[in-house]
Amino acid sequence: MSETHEALPEQKPWMTLVQRAGAPVVSVLVAIGIGSVIMWVSGYDAMAAFAALFKGSLGSPKALGDTLLRATPLMFTGLAVAYGFRAGLFNIGAEGQLFMGGLAAAYLGVALAGWPPALALPALLLGAMAAGAAWAFVPALLKARIGAHEVITTMMFTYIAKYIVSWLVVGPLKAPGQIPQTNMIGVSAQLPRIQSLFSDATLEALPFLRLGRGHMGIFVALFFAVAVWLVLKYTTLGYENRAVGYNPWASENAGISVPATIIKSLCISGALAGLAGAVEVMGVHHRIFDQFSSGFGFTGIAVALVAKNHPLGVIPAALLFGAMSAGSGTMQLEADVPQKIVLIIQALVIFLIAAESVVQWFIQKRQKEALARAR
Amino acid sequence: MLGDIITPDLFASALRMATPLALAAIGGTICERSGVVNIALEGIMLTGAFAGAAITLATGNPWVGVLAAVLAGVAIAAIHAFASINLRADQVVSGTGLNILALGLTGFLMERLYGHPGTTDPVKMIRPLFSLPKPPEGFVGEVLRWVEGVFLSHTPIVYAAIVIAVVAQWAMYKTRWGLRLRALGEHPKAADTVGISVYRGRWAAVLMSGALAGLAGANLVIEQVGSFTENMTNGRGFIALAANIFGRWTPAGSYLASLLFGFADALQIKLQMFRGQIDIPPQFFLMLPYVLTVIVLAGVIGRAVGPAAVGQPYEKG
Chain L
1 MSETHEALPE QKPWMTLVQR AGAPVVSVLV AIGIGSVIMW VSGYDAMAAF AALFKGSLGS
61 PKALGDTLLR ATPLMFTGLA VAYGFRAGLF NIGAEGQLFM GGLAAAYLGV ALAGWPPALA
121 LPALLLGAMA AGAAWAFVPA LLKARIGAHE VITTMMFTYI AKYIVSWLVV GPLKAPGQIP
181 QTNMIGVSAQ LPRIQSLFSD ATLEALPFLR LGRGHMGIFV ALFFAVAVWL VLKYTTLGYE
241 NRAVGYNPWA SENAGISVPA TIIKSLCISG ALAGLAGAVE VMGVHHRIFD QFSSGFGFTG
301 IAVALVAKNH PLGVIPAALL FGAMSAGSGT MQLEADVPQK IVLIIQALVI FLIAAESVVQ
361 WFIQKRQKEA LARAR
Chain U
1 MLGDIITPDL FASALRMATP LALAAIGGTI CERSGVVNIA LEGIMLTGAF AGAAITLATG
61 NPWVGVLAAV LAGVAIAAIH AFASINLRAD QVVSGTGLNI LALGLTGFLM ERLYGHPGTT
121 DPVKMIRPLF SLPKPPEGFV GEVLRWVEGV FLSHTPIVYA AIVIAVVAQW AMYKTRWGLR
181 LRALGEHPKA ADTVGISVYR GRWAAVLMSG ALAGLAGANL VIEQVGSFTE NMTNGRGFIA
241 LAANIFGRWT PAGSYLASLL FGFADALQIK LQMFRGQIDI PPQFFLMLPY VLTVIVLAGV
301 IGRAVGPAAV GQPYEKG
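If you're matching them up, the sequences are chains L and U in order. Using the numbering used here, you'd call the opening residue of the first sequence number 1 and step up by one each time. Using the numbering used here, you'd call the opening residue of the second sequence number 1 and step up by one each time.
Simulated from the structure, these hints should not be mistaken for laboratory data. Be aware that a few hints might be false.
Coverage of chain U stretches by chain L, computed from C-beta distances (three or more under 8 Å per stretch; other residues unrestricted) [said to hold, decoys possible]:
(1) 84-90
(2) 185-199
(3) 234-243
(4) 292-300
All C-beta atoms in this analysis are idealised placements derived from N, C-alpha and C, irrespective of residue type, glycine included.
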């Protein structure tokens, strides 16, 4: 079919949204489709698996609370990866910065146990941001000064961070007892559960507020999503970040220091990833131990890609992967399908978005078909 | 105590530890020389390791396992080749997707086939190539003990890696294939103009890197560890990428750089045996290879320049 240059219908705002979100949504659907085929080929009941996945993520207020619980760190790691991507940097090591952020929060939460919440909560969050930023600083410096690829260096720093935490929880920071973990942080440094804000009478009247383990960290995450969006859109810092991502040579000519921007960008990315560790410590575990993150830093890559690196897009993307993560336990329990299928779907999403031209081609083909039908 | 640390065994262990890194690093070198970044080495190695274990368990023949590992590596690499060459995908992102896919797929299949996560049953391993007589006492015996211990105590893939490094080095600089390969990574347009197929050349290079990283996985499972454990590659694919850079994108350089990392790994394992005498937590030894990787990258990169067109998709004009 030859290309015809006919007038396209007028662009409406919702259409741009569809165009922007089209490729990620199609990628997610195709990935779920391939995941179903893998389950089917392996002899599992895919329908039962998805039913259980839905039940465990959205099927009840408690399940929804679990989804929010999982989405909270993913919003932070998604923002972290997206912020770096916008400057052309791939922070594959958000997991390591998350570990250091969690470590800082766990340490400060014990050290500042007597402080009132109004001081303790921001102190822990700031401490985690500083730790995450510090952990990204060396890779950032190596990238800016001598071009050492951040994918290798941040990955190496992730392994180092994990070993540091695994040493501290059996060594200097170990709580008394058999289990390798730190002491519990002070109550004033804990992020309260959402349902604890309401009286029993209110919960009785509005049972959908019984969000189980869902905690206030989700609001911190939403706040940061909006803040990062504003920074990228309206500040010089954000402008420089985007400019270097678009074209480092032109940016350098326009007087932007590319090395300085790289360092700032990766450190901000690290700070955001550090917050992911903080909310896990402050809202969920109240301490740190070896395996306290289930790969949130790596899932953050998928979140950022599905969001097309847009800070506000990170919100629905994190909720999506949070839901998958929350429901995967129920899926394993009730449909007997290994949880790893969620990891496979996540990987396929990343891969499909990287190879977006296929998806674009697919969408365009559908649009052409629709156009042909309309004619 | 130094005499207890510096033994033939330490150097033999360094050669062993270097082998999976070197195979993957040489694969990375070939791949990057053709202009394609292969971040997926980690995942390919892991998939190869799993395929090697599963097929060895199923057939009882470790050599069939090695073949399966190589083929599995080629299969994953084919996905990477299709995405980065034909679809002009972002190579680093697609490679990351494949790494996570390998983690998910091997874990999923592990539970499907064996009913539990974690580690497989022990597999039948490939024995060392030579069976050696016990050296006599005295000075001559001591020399023999070192020669046998360091050089003659290894399994076949350890020797294969050395041969591959030498052959690849020769091929890259002395054959028409090597010249063409390097042209693809430096200036694909020029290569295309003189009639070299960029797509075909890059496909071949990516598949070769898959085969080598798959073989690395086989070495890990069938010659070194004796079973498959989830995520057992533990960042070796990324260290291999660093070894490729440290080796300045040459096969021989990649092998020597891997030897350095292998030695660091062997040393940290050896030192852990002296934990009673050295008051340093084991985690500090375990992080040594990763710290060394960062130091090496920090030290050499400014002076090492990669292929000009690496990471850039080529569009036929």
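Consistency of the hints with the structure:
With 4 residues bearing a CB less than 8 Å from a CB of chain L, the stretch 84-90 of chain U meets the requirement of three and the coverage assertion stands. Taking a C-beta to C-beta cut-off of 8 Å, the stretch 185-199 of chain U contributes 0 residues in contact with chain L, too few for the three needed, and the coverage statement is violated. Counting residues of the stretch 234-243 of chain U whose beta carbon lies closer than 8 Å to any beta carbon of chain L gives 6, which reaches the threshold of three, so the coverage claim holds. Against chain L, the stretch 292-300 of chain U contributes 4 residues with a C-beta closer than 8 Å to a partner C-beta. That satisfies the three-residue criterion, and the hint holds.
Hint 2 alone, counting from the list given before, is not met by this structure.
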